[in-house]
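For the sequence shown, position 22 matches number 21 in numbering that gives the first Met the number 0, and the numbering has no gaps at all.
Wrong hints could be hidden among the right ones.
[Claimed, not checked] Below are the DSS-like pairs computed for lysine-lysine, each with C-alpha atoms no more than 27 angstroms apart in a straight line:
1) LYS114 to LYS61
2) LYS95 to LYS114
3) LYS95 to LYS118
4) LYS259 to LYS307
5) LYS61 to LYS95
6) LYS385 to LYS259
7) LYS385 to LYS400
Calculated from the structure, these hints are not laboratory results.
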Amino acid sequence: MLQARGRIGPRGDATPSPRSRMELVLRVTAGPFEGRERPIPRDRPFTLGRSEEADFEIVDTKISRIHCRVELRDGEWVLEDLSSRNGTWVGERRVKRHVLADGDVFLLGRTTAVKAILKEGRAVPGKARVVFPHSSREPEPAPIPAPETLPPLEGALAGLLGTNLGEFRVLDQVPPLGHAAFFRALQPSLNRHVMVEVFTDEEMARAGGAEALQASVRQAGRLVHPGILQIYDYGSARGFTYVTMEFFQGRNLGRVLAEKGFVPIGQALSLARALCEALAAALDAGVPVGTVSPSDVWVTADFAPKVKFLREPGSPPPPPAHFSYQAPEVLAGGDAAAPRAAVYTAGAILYHMLAATPPLSGGSREEIARRARHDTPTPLRRVNIKVTALLARIVEQALAKDPRARPDGLREFARDLQRSTTPSL
């Protein structure tokens, strides 16, 4: 039996040990959801499994529907297998019950690795969203890139820094995720940093765009997923129109690919699987994703994707390269919300990461559409000898000209990509 660990106070009561005050975060380090984290609540058991009923849903066929649970017992974080078919493993040992220590890694079904991270703080119960209580202390911001990387502020925008825009205190200019100006701002009511995209009212009038922007915010705001940039709200104040969204720091994938060339295979596969998850969530919500390109994707420091679905009115037309990731049937006027068109898009982005070039390119949309009908991309193994035959076959199937030859949808494509690798700790 697990014993409570602590010291006895002057009145005979047990004082919690320092370990009992540690909060637990679980991070997937290998498998379909690599890079995903969940804080574990202290007041109830927390389950992991492939079912939607699990608190942490991990879509992996080797994992049982409700595979295991973690809970705080007598000051210890305890991992317990729930009679799973393929077992819960710590090292080479299959465990029924295990007390987690900081840095422990356990395997679910020997395919998905999860790391236990113990740290000071307050974990809040919840399945997918963490809300921090109000505090007088301002949250710590992520580092802001050097000012020389940012476009200069002009006109009325130059006077925004240090002032309030509605309830938001504008703090810093940050790298733009669109053609407007972006700022980091503090939202005191929720004690959080947000990103604010700001347009002048004149810009909105020229673009004829207030209504179009509101409609785009409504559509993008419905999408809640770790791999999708979360849009919060729309407002206007002091002659400005603004959109608030989650604050994060990242780089545009299109620019990363232009600079980096080849992406390491493990990193490319991890990003591609996470991108499939994000695009599948958007597709489930009825958003067409067959027109997404690397320029719509930002990557965080750990190379996890953030897809931006907000479309600002007045945006310049996309360059020809944008169409290199669209399926032949989409380029011919077909449905960009079709699941197999989305598979082509995800496969084309992965191809670019592995081959350092898009599958097909051209000087115009029409030229790319013609090539998509008649030409075949250069075989992956001819341009990257590190790509296995299985992985090359999976990517090339995703890029098949006939949609019926592609995987049924993004989640099936992600499972195929998972099959092409052997997770290691």
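Right, here's what the structure says about each hint:
Taken as a hint, the LYS114 and LYS61 pair is honoured in the structure, with Cα atoms around 18 angstroms apart against an allowance of 27 angstroms. At roughly 17 angstroms between alpha-carbon atoms, LYS95 and LYS114 fall within 27 angstroms of each other, so this suggested pair holds. With a C-alpha separation of about 25 angstroms, the suggested pair LYS95 and LYS118 falls inside the 27 angstroms cut-off, and the hint holds. Our distance criterion of 27 angstroms between C-alpha atoms is met by LYS259 and LYS307, whose separation comes to about 21 angstroms.
At roughly 17 angstroms between alpha-carbon atoms, LYS61 and LYS95 fall within 27 angstroms of each other, so this suggested pair holds. Straight-line distance between C-alpha atoms of LYS385 and LYS259 comes to about 17 angstroms, which keeps the hinted pair within the 27 angstroms bound. The suggested pairing of LYS385 with LYS400 holds, with an alpha-carbon distance near 25 angstroms, which does not exceed 27 angstroms.
The structure shown violates none of the earlier numbered hints.
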